[in-house]
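Given next are the chains, with one letter for each unit.
Number of protein chains: 4
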Amino acid sequence: MQIGMIGLGRMGANMVRRLLHGGHQCVVFNRSPEAVKALSGEGAVGASSLADLVKKLERPRAIWMMLPGASVEPLIAGLVPHLGPGDILIDGGNSYYVDDIRIARELAARKIDYIDCGTSGGVMGLERGYCLMIGGPERAVQRLEPVFATLAPGAGDIPLTPGRKKPGGTAELGYLHCGPSGAGHFVKMVHNGIEYGLMAAYAEGIDILARANVGKREQSHDAETTPLRNPEEFQFDLDLRDIAELWRRGSVISSWLLDLTAVALTRDPTLAKFDGRVSDSGEGRWTIKAAIDEGVPVPVLSTALYSRFSSRGEAQFADKLLSAMRFEFGGHIEKPDGK
Amino acid sequence: MQIGMIGLGRMGANMVRRLLHGGHQCVVFNRSPEAVKALSGEGAVGASSLADLVKKLERPRAIWMMLPGASVEPLIAGLVPHLGPGDILIDGGNSYYVDDIRIARELAARKIDYIDCGTSGGVMGLERGYCLMIGGPERAVQRLEPVFATLAPGAGDIPLTPGRKKPGGTAELGYLHCGPSGAGHFVKMVHNGIEYGLMAAYAEGIDILARANVGKREQSHDAETTPLRNPEEFQFDLDLRDIAELWRRGSVISSWLLDLTAVALTRDPTLAKFDGRVSDSGEGRWTIKAAIDEGVPVPVLSTALYSRFSSRGEAQFADKLLSAMRFEFGGHIEKPDGK
Amino acid sequence: MQIGMIGLGRMGANMVRRLLHGGHQCVVFNRSPEAVKALSGEGAVGASSLADLVKKLERPRAIWMMLPGASVEPLIAGLVPHLGPGDILIDGGNSYYVDDIRIARELAARKIDYIDCGTSGGVMGLERGYCLMIGGPERAVQRLEPVFATLAPGAGDIPLTPGRKKPGGTAELGYLHCGPSGAGHFVKMVHNGIEYGLMAAYAEGIDILARANVGKREQSHDAETTPLRNPEEFQFDLDLRDIAELWRRGSVISSWLLDLTAVALTRDPTLAKFDGRVSDSGEGRWTIKAAIDEGVPVPVLSTALYSRFSSRGEAQFADKLLSAMRFEFGGHIEKPDGK
Amino acid sequence: MQIGMIGLGRMGANMVRRLLHGGHQCVVFNRSPEAVKALSGEGAVGASSLADLVKKLERPRAIWMMLPGASVEPLIAGLVPHLGPGDILIDGGNSYYVDDIRIARELAARKIDYIDCGTSGGVMGLERGYCLMIGGPERAVQRLEPVFATLAPGAGDIPLTPGRKKPGGTAELGYLHCGPSGAGHFVKMVHNGIEYGLMAAYAEGIDILARANVGKREQSHDAETTPLRNPEEFQFDLDLRDIAELWRRGSVISSWLLDLTAVALTRDPTLAKFDGRVSDSGEGRWTIKAAIDEGVPVPVLSTALYSRFSSRGEAQFADKLLSAMRFEFGGHIEKPDGK
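Protein chains in written order, with my numbering: chain U, 1065 to 1403; chain X, 1065 to 1403; chain R, 1065 to 1403; chain E, 1065 to 1403.
If you're looking for bench data, these hints aren't it; they were derived computationally from the structure. Hints may be right or wrong, so weigh each one.
Remember, identical chains collapse to one label, so a pair may be satisfied in a single copy or spanning two.
To be verified - Capping the alpha-carbon separation at 25 Å, the derived lysine-lysine pairs in DSS-like fashion look like this: (1) K1337 <-> K1399; (2) K1337 <-> K1229; (3) K1120 <-> K1337; (4) K1353 <-> K1280; (5) K1229 <-> K1120; (6) K1101 <-> K1120; (7) K1175 <-> K1229; (8) K1101 <-> K1119; (9) K1119 <-> K1280; (10) K1353 <-> K1119; (11) K1399 <-> K1280; (12) K1175 <-> K1120; (13) K1353 <-> K1175; (14) K1175 <-> K1119; (15) K1119 <-> K1399.
Taking the hints into account, I'd like the entire structure generated from these sequences.
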């Protein structure tokens, strides 16, 4: 089918490619024209403006937006005057599901259908396909089924979960209509919250491996420092590349994130090109807020988020305050290396 | 090659089967004779006692122990008088690596080689193969290579990590000599610590999905209760089976644990047969202790462990104390349902 | 001065008493008339309705509301038609500061001043005085100074912080104009967030003391259970009452909450009358949300909140899921007592 | 009575002063002679060596050691040859209670009594008195009662906990015989574990206050950054000095640590002289290990410890790994400022 795509960054451009390979017609627009030009060369129809994109689509139109969260609403405001009843807008980015609920209601008043679609898959999605978590009105989701089916991985060689009986369900193809407006981004939000927790679990554990030789180092001895009592228990020089590779094979903790960890460690086991200042991009935060509203305890997901905050130095004032208290009650002076 | 196996529980019995299929000769012993009898019928050589098992093995012997941690040392004490120089003992269970270091030293004095082998794979290991994390002296590990190679999954259809150059390495076959005595169980310990974190991340996140409809419930209003401010944001009735199935396909959080989660939810999305009293079996605890000795912050792995403690009611006195303080400063009476 | 008080529960009634003792005139109203009658007998002027209360106050009026958060806005809606320019409304409860900002703006349009006042002190406030955290327009706060000064503890015998130079500041008297609308409840919210953290720190620590004799108990031994490796290190029968009393005297962790802990443990060291289902009443949740918005890592405050959730069984589905995963990968059956 | 003191650092020297003021005779020794000389000028008897100190004490002797944990055992080894039956050794530092149990047993074989005494009070102890948590044999503890009574704060003006009936108990005087060998340092260990949790609760909360004006700052907008959705809710410039002072008066969270926080913030609300690299000195770590052995969930105390680790950059490899994973799955490049 024909679909418009606005936002041709890392994700958007690859999704267009996957759609083109799947035989769909894509009319594409991007703030900077280079990306439009590049995809035009690969078979997409380039648009020079929003108005041009809308004009090049047959009614009822379907327009997919693949943009940073903060850019979605301004774009919708610019698009809506050009759209009409029966058109469909899809937000495939990482927007807050609470906004979806409101926006869908506003657009419904103009008879425009709004779909929120959480998209997972990253840079490998072009090849592997994208996992799609979809919210919105049934009729619009059904109309877009060919597009979802192409973007998703399909059944591939991942066996069906034993006991699964629902023939015709789409979850096993890698896309799912999760519920009404907001449900898609809600499920994607939690997906990312889980992702933060999984990543932190690997990172913490592998850090324990990386320091399994601390018993070989010199220890300082003073009232501020606890010497390691059992240095003979920490004499292991472990090969993180081999261990990551090993765990991919038959272990309980094998996963796609572990595959990527193995890639990163194989490239450079010291990870020297990274500073360790870890971004967080919204869904992790919203996941915690939703959990708190629901009264669900989420200590793992929360501490994973806070580790990211701390990695960027966001705890520094609190840390200074701890040192200040220690100075007040014990006269403790900070050690230069804090050890 | 020929190998003895002591301990024919869930894990041990299946490992014998996999070894038999791989053409090895297995002499087997178990406290209760039924398991011995069963495996004898499948091609193993049954032994009627430890002494009998040792007698039936050619020298130098290799004996694999697959037992609960607390049973290993008593067994070794019983075995050692029957063993001689050049024999190899393998502990394939979940023992504490600190014990391995000591035991290996003690046995080395008798010229017996000791191997600590962390074994992951669970009930599916018979078919999938076991991921083996091995510690101990080089010569003993080399002698057992045929056994490790059979137990491990082998390369299978899991592609090699891109950039990996080490030809002849065994990590890609699913077993690895990680280092000297203790290294195998150390790596397995951290593996399980990570496992706890991963499991908790999924469990917390899926719980958020499970309660995404709290906005539909009645709220009570009093000074002890915060009403949900935004019930309209929590109106989703999500199908957990479908979502677990979906995430297995193309998402960033796909993993073997997620596959198992999908199995469990497909069988019964209410998980009614479980009470939610979650055991922890040693490695999770030791992982935290090792991290603390190394000075590695592990908030995710720790809170995952504590969630298991709490699931069994272990926090109850602390909770009572919180209620008691609230009563003292605010006259707050516990609500019958604690809400 | 003259002040109206609406809401004569635990907090409101005692605040009226403290104001009466301080020589102020109080016109009081409550949904149930018994409380009005009781305070009338102690010198307050009773009102039979909101309209009656408003009528009995001289203009410009000052009306203090002491109500559960959910009741504040309906009350304001009912009051406003009776009020006029220059009147002041004070919300002394635990409302969300975000609401204060909006309500203050709405009332300002009617020239009614709105003050948000966080009030700490609990059941002992009548005698000790209340710690007041105040937000709102300067002129209104100044007009109410006599009321704040009476409700607050005053300097008492708590020495001024050394180095403090600000003569005439009110913080040392126990009340403070923290900033514009919302600032009072914001500071109170964080105060309560800290309170949750402090309480949990004591509760967790004292629980460690309470179980310092676990080494005396029988241990079960199987693959699901880690035996305590060092029972000889956990043979202490500690007297929690004595230790709480001891720590009140010269230790770094002495505090009012510890005083209360000592009271509770002295009354009954087993805390038998509590079930350990701990309520949380809004500020703890909002504190975490504010921290996340600010990007401040708050693992301690968060886990303190989640412990309360868990104490009420809110983690149960997540816990069941953990048991379900363990069953799938390891065939682990839940132990009846979860140990 | 007469007592020897070895170790005249911050704590030891002030304890000697308090003992001298209390009429006791103190024979003092220190590695560096300046401290001995200084205290000799204040009435103590200086010793030039361990042997000299022992010689100057009448039998049966009582010798108090006030040293960093790692120095205690070497000192005991040097002292013991000079001691005889009936002598008492007191370890007043922060040793691991597990060592106490062993050392006490070893010394008992020589008929030397060993007392482990946890000492809280910090630099203010000279004036306020020290809170003493004592473990060891009854007869030795009784013999030292005059010393404990002088070092402890005494009843002072802290009222007895209501309901407390135990006349003659010493907890209300600020010292307590907690139990057999190890019990004193066990209670002190948990005391410090709680201290870490309390400190972190204040630090996290006050950090939220410190950033309550983030809504005034410019925001960057891209796919890596979640813009603050509600900047109007974070416009507060709060005076941390005033708020700390305020909370000391009538609030639920008043405490000695809060008093010290107020001192530190009053001296410099920016805490510019601290880097925020926070030491941890043993008890916090041992507390977590004890909790894990007991199966007590301690998420608050653990995350407080880990925050200290992280403050010293100990999480850096784990953080790099997170960034590396994000690069692999999403092509995310670290932002220079990590935001």
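How the hints compare with the structure:
no.: 1; hint: K1337 <-> K1399; verdict: between (28 Å within a copy, 13 Å between copies)
no.: 2; hint: K1337 <-> K1229; verdict: between (48 Å within a copy, 21 Å between copies)
no.: 3; hint: K1120 <-> K1337; verdict: neither (44 Å within a copy, 57 Å between copies)
no.: 4; hint: K1353 <-> K1280; verdict: between (44 Å within a copy, 18 Å between copies)
no.: 5; hint: K1229 <-> K1120; verdict: neither (42 Å within a copy, 50 Å between copies)
no.: 6; hint: K1101 <-> K1120; verdict: within (16 Å within a copy, 76 Å between copies)
no.: 7; hint: K1175 <-> K1229; verdict: neither (36 Å within a copy, 58 Å between copies)
no.: 8; hint: K1101 <-> K1119; verdict: within (18 Å within a copy, 74 Å between copies)
no.: 9; hint: K1119 <-> K1280; verdict: neither (70 Å within a copy, 41 Å between copies)
no.: 10; hint: K1353 <-> K1119; verdict: neither (41 Å within a copy, 44 Å between copies)
no.: 11; hint: K1399 <-> K1280; verdict: within (22 Å within a copy, 35 Å between copies)
no.: 12; hint: K1175 <-> K1120; verdict: within (20 Å within a copy, 55 Å between copies)
no.: 13; hint: K1353 <-> K1175; verdict: neither (32 Å within a copy, 35 Å between copies)
no.: 14; hint: K1175 <-> K1119; verdict: within (19 Å within a copy, 52 Å between copies)
no.: 15; hint: K1119 <-> K1399; verdict: neither (67 Å within a copy, 38 Å between copies)
When each numbered hint is compared with the structure, violations occur for hints 3, 5, 7, 9, 10, 13 and 15.
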